[in-house]
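Colleague: Here is how the chains run, residue by residue.
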Amino acid sequence: MMILALDSTENTAAVAITDGKTLLGSTVINAGKSHSELLLPAIESLMKASGLNYSDIDLFACSSGPGSFTGVRIGVSTIKGLAFGYNKPCIGVSATEALAYNFIDFDGIICPAMDARRSQLYNAIFLSDNGSITRLTPDRTIPASELAEELTSYDGPIYINGGGEHIIRKAAEGNENVMPTNEILKRQNGYSVALCALINYENAENKDGFTDLALQPIYLRPSQAERMRNGEKE
Amino acid sequence: MTSLPITVVTASVIETENVGRELGQYLLNNGMTDAFIAMYGDLGAGKTAFVRGLCDVITPGAHVCSPTYTIVNEYYGGGRTLCHCDMYRIESDDDLYSIGFYDYENCVIAAEWCEKIPFALPEKYIKLTIKKLDGDNREITAEEVENI
Numbered sequence: 000m001m002i003l004a005l006d007s008t009e010n011t012a013a014v015a016i017t018d019g020k021t022l023l024g025s026t027v028i029n030a031g032k033s034h035s036e037l038l039l040p041a042i043e044s045l046m047k048a049s050g051l052n053y054s055d056i057d058l059f060a061c062s063s064g065p066g067s068f069t070g071v072r073i074g075v076s077t078i079k080g081l082a083f084g085y086n087k088p089c090i091g092v093s094a095t096e097a098l099a100y101n102f103i104d105f106d107g108i109i110c111p112a113m114d115a116r117r118s119q120l121y122n123a124i125f126l127s128d129n130g131s132i133t134r135l136t137p138d139r140t141i142p143a144s145e146l147a148e149e150l151t152s153y154d155g156p157i158y159i160n161g162g163g164e165h166i167i168r169k170a171a172e173g174n175e176n177v178m179p180t181n182e183i184l185k186r187q188n189g190y191s192v193a194l195c196a197l198i199n200y201e202n203a204e205n206k207d208g209f210t211d212l213a214l215q216p217i218y219l220r221p222s223q224a225e226r227m228r229n230g231e232k233e
Numbered sequence: 000m001t002s003l004p005i006t007v008v009t010a011s012v013i014e015t016e017n018v019g020r021e022l023g024q025y026l027l028n029n030g031m032t033d034a035f036i037a038m039y040g041d042l043g044a045g046k047t048a049f050v051r052g053l054c055d056v057i058t059p060g061a062h063v064c065s066p067t068y069t070i071v072n073e074y075y076g077g078g079r080t081l082c083h084c085d086m087y088r089i090e091s092d093d094d095l096y097s098i099g100f101y102d103y104e105n106c107v108i109a110a111e112w113c114e115k116i117p118f119a120l121p122e123k124y125i126k127l128t129i130k131k132l133d134g135d136n137r138e139i140t141a142e143e144v145e146n147i
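Sequence lines, in order, name chains A and B. Here the first sequence is numbered in numbering that gives the first Met the number 0, starting from 0 and rising by one per residue. Here the second sequence is numbered in numbering that gives the first Met the number 0, starting from 0 and rising by one per residue.
The hints are simulated quantities; they were obtained by calculation from the structure and are not laboratory data. Some hints could be false.
The list that follows gives simulated cross-link-like pairs (lysine-lysine, DSS-like), each with its CA atoms no further than 27 Å apart [stated by the list, open to error]: (1) A:LYS32 x B:LYS130; (2) A:LYS169 x A:LYS20; (3) A:LYS185 x A:LYS206; (4) B:LYS115 x B:LYS130; (5) A:LYS206 x A:LYS169; (6) A:LYS169 x B:LYS123.
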């Protein structure tokens, strides 16, 4: 199964093409440019280098949040557009879960942390055990100090990554279970999104639901427009 | 302008723009191209005129207009970006998130009506107050604030 996967939920623009679990190509750019400028050229260049046509792709995938409002929208819109245009299935995966897949070869507690600003982190806790990732908490926003406190309740190695990695590392200073993180594992990468997407897609009983219409961004907080539509205007 | 705080009285829109230019030059001279300028002043005080002068230095060539309806205008010029925000219709942190406010980095942000977002002001910012005096006269105060 050919998968085109991307992540634009934080500053890193990440794209990968895989054939099942085999990586065909990957691009990770963290150079401070906007996703709207980077993402489509990165996809185009990767497709060309891989010698593939868009019609060869069987599944389009993206991290659908939580994360930067603009980044989440760019990623989800791009994948929705490709899936609609080529009439192929698409799937959104949790941005924290995709980050957790960076550590699939490590056994321990995985704690992705993305900077949600104003001293908050987007986070979830996962257990990585013998090549499988199990979610222990839902995606949430949590103050760094609270998360650091929570991490003291786990035994064994704790691996942290994401754009808020430095924040939680500082907050959890003194917790000897927190392991150092290799630079390449700190950031989003398209392969982890593809792997997470493949596993979720294969585990789903009903695959008819993976349509461009069904793919939705996950903000963890309703947008102003949604709240107004729901009559909750403050 | 070589240091802050300053208080000046202007007698016309052009003079208000000129104070914007001076602050722009101050920011450039001090490498503050990621500064946050929190602007306070009534309707018609001259906030947009001030930003016009600011942009003339920070993002030369950009056409400045009021962000009342758009909430955020982005101006580009001189290899830099300036985001001109109007917070008048912002009611909560979720509103700010959903205009992409937290995605703006490495740019000067000039935000009007910061009375509406006291919860989102950064740790360090420049507080700019424009007070209407008689006629076209305006008292403009700029000061650096540490909000820790």
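Colleague: List, from low to high, the hint numbers that the structure doesn't satisfy.
Modeller: 1, 2, 3, 5
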